[in-house]
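**Q** Working from the sequences, and respecting the hints, build out all of it.
Quick note on numbering: the sequence shown equals residues 817 to 1016 in our numbering.
These are computed hints drawn from the structure, not numbers from a lab.
Warning: the hint list may mix true and false statements.
[Unchecked claim] Straight-line C-alpha distance at most 30 angstroms; calculated DSBU-like pairs for lysine-lysine:
1. Lys-852 with Lys-822
2. Lys-1007 with Lys-886
3. Lys-821 with Lys-852
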Amino acid sequence: MAQVKKEHVRIAILESAFRLFTAHGYAGTTLPMIAKGAEVSPPNVYSYFSSKLQILYAIFDPWIRTQFEKLDEELRPLRSPERRLRRIFSMLWQDLPGLEQGFANNVIQAISTATPDEEYRPHLIAWMEEQIERMLLDALPPERHPLVRGTELPHLIVMATDGYIMYRHTVPDRQCSDRTIDAWCRMLTGKPVKGASGKA
817 MAQVKKEHVR IAILESAFRL FTAHGYAGTT LPMIAKGAEV SPPNVYSYFS
867 SKLQILYAIF DPWIRTQFEK LDEELRPLRS PERRLRRIFS MLWQDLPGLE
917 QGFANNVIQA ISTATPDEEY RPHLIAWMEE QIERMLLDAL PPERHPLVRG
967 TELPHLIVMA TDGYIMYRHT VPDRQCSDRT IDAWCRMLTG KPVKGASGKA
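**A** Given below as C-alpha cells:
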C-alpha cells in the first residue's frame, strides 16, 4: 500500500533541513540528521524527497525568489540608473552572501558535489539570469540595453555572485567593495571613472 504523504511531515523535514544546513552546511548535514530533527525515520524522508539535493532545492527555490521579490520592492522607488544598479549589485554581492548565516553557500556546496542522478536543476540559475537581465534593462536607458540584451552579462553576474558567496564562507575578509560596485555601475551607464585623466 502506498504511503499517504502528509504536508506537516514534509514541512517538518524542510524545517529540520534548513536548521541543519544553516548550522552545519550542506556537506556537514546527513539525511539521518534531517530525519532525526523532523522526528521521522530516514526511510520516511525518502517518501517525500529523493535526495538531500532535492530537499535543498525545495528550500532554496522559494528562498531565493523571496530575495528577488524584496529587491524588486527596493528598486521600485529608485529613479536614477546609478542608484538602481548600485542596489542590484550591493544586494547580490554584499548582502546575499551573508543572509541567514550564509545559507546560499549550501547551494554552492551541493552543486560542487552533485552527481548526474541527483537531479541537478539548471533552471533556477536560468531564472536568476532572467531576473537580473530584466532588472538591468529596467535600470538602464535604452541606448545602453545592447550591453545586456543577448549577452552573457547576466550569467557573469550570477557567477560573480557565486564567487562572493564562496568568499564569504572561506575567506570572510574578501568581500565585494563599494569601489568595485561603483566601477560596474559606471561601466554600464557609460559614466567617467573617478580619477581618470584627473577628471570626475
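**Q** None of the hints should be skipped; say for each whether it holds.
**A** Hint check results:
no. : hint                  : result
1   : Lys-852 with Lys-822  : holds (17 angstroms)
2   : Lys-1007 with Lys-886 : holds (28 angstroms)
3   : Lys-821 with Lys-852  : holds (18 angstroms)
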